[in-house]
Amino acid sequence: MTKYIKTAVTLFLISAVCTLLCALVNSATAPVIAANNENDRIAALDAVAAGFAIGEQQEGDGESVNYAIALTDDTGAIAGYILGLTGKGYGGAMDIIASYSLDGSIMAAKLTTNSESPGIGKKAENDWYMDMFKGLGADNPIPVSKNDLPSEQSSLISGASITFSGITAALRSGSEFVKGLGGAV
Amino acid sequence: MSHMKELTKGLFKENPTFIIMLGMCPTLSVSTQVSNALGMGVAVIFVLTCSNIFISMLRKVIPDSIRIPSYIVIIASFVTVVEMVMHAYVPAIYEALGVYLPLIVVNCIILGRAEAFAGKNGVIDSALDGIGMGIGFTMSLSFIALIREVIGAGTITLFPIGSFSGTITLPGLSASPVRVMTLAAGALLLMGYLKAFFTWKSSKGGKA
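Sequence lines, in order, name chains A and B.
Sequential numbering of the first sequence, starting at 0, is according to numbering that gives the first Met the number 0.
Sequential numbering of the second sequence, starting at 0, is according to numbering that gives the first Met the number 0.
None of these hints come from the bench; they were simulated from the model.
Just to be clear, a hint being listed does not mean it is correct.
[To be verified] No farther apart than 27 Å at their CA atoms in a straight line, the calculated lysine-lysine pairs in the DSS-like style are these:
#, chain 1, residue 1, chain 2, residue 2
1, B, Lys200, B, Lys8
2, A, Lys133, A, Lys145
3, B, Lys119, A, Lys5
4, A, Lys2, B, Lys8
5, B, Lys119, A, Lys2
Note that the structure is predicted; figures quoted are calculated from it, not measured.
Make the full structure from the sequences, and use the hints.
As structure tokens, then:
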């Protein structure tokens, strides 16, 4: 019996010391991580705002659209929307921030938090990747698969079809959401 | 002299990747870019050295029946520490490594060295073993990543410093790269060739 108690106490003490170490490091790094995340979010919003003023954040549709932010021009009229979208990638959920004109066409998009494979799915973080979708969503449809792309673009995303499909599905749902708003959040 | 041997054996003679064949999952998955390989290497050196030191210090205290759970708790703690620090101070590398960073917990090199070396040897030797094996792993990973990135993408991705963007683009190769080298099939193919080369080098044929 003593042997079992000694074993349990030893494992408990090791776990307690390890937990304390993690807690100390977390207390030092958590504020830095939170500040980084907020800076990244603001930078991503600025990057897709296309020069328009960013309004207040509103609720999305509770599915792929997490939130919507109206973009206003100099006169105060709504010129478009920024949407926070969630897509399903190879490594799980992907967060995408995209701006749309009122007709549902994409002005700009950015992949933020994701767990895609380094060097493969993570290529979607590059500006050239999202530039493929600029202007699509109204008269010109957003591609469903990489087969819908010109061959030179299709070869660039080779090996990351699931990432591509996840992003385009999220962007399409965002476009439909904006079309459904009819110019008002 | 024997201390020095513990440090250097992981570099070539007992290289964890090419000779002992440990840690193949992160080796194949993270070696798509040189910067990722270096980031993963630094994380592994830290975790391997710290866990080896702690496990060696506690080797006479930890009962044999809870040896493995204790090792896992210690290793997981250091991985969590390195994950939080990288997330806070080098977020680009943290994002690039993705799921493979927390998966260092189950990296065979870490638990393998704890079980095979740190649990049976003194603190100094265990620390040197961790550093040597970690550097050996980093060298192998970076070597594989360099070949894969150069052939598969025509670039060498390092870290941005000042006006340097961090990416060296190789003319010719970047225009028409061999894409398969960035995929899993290319990683396995390259690993096979490199393993064959190192086996040949360490065999009689290599000495001839």
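Please write out, lowest number first, the hints stated earlier that are contradicted by the structure.
4
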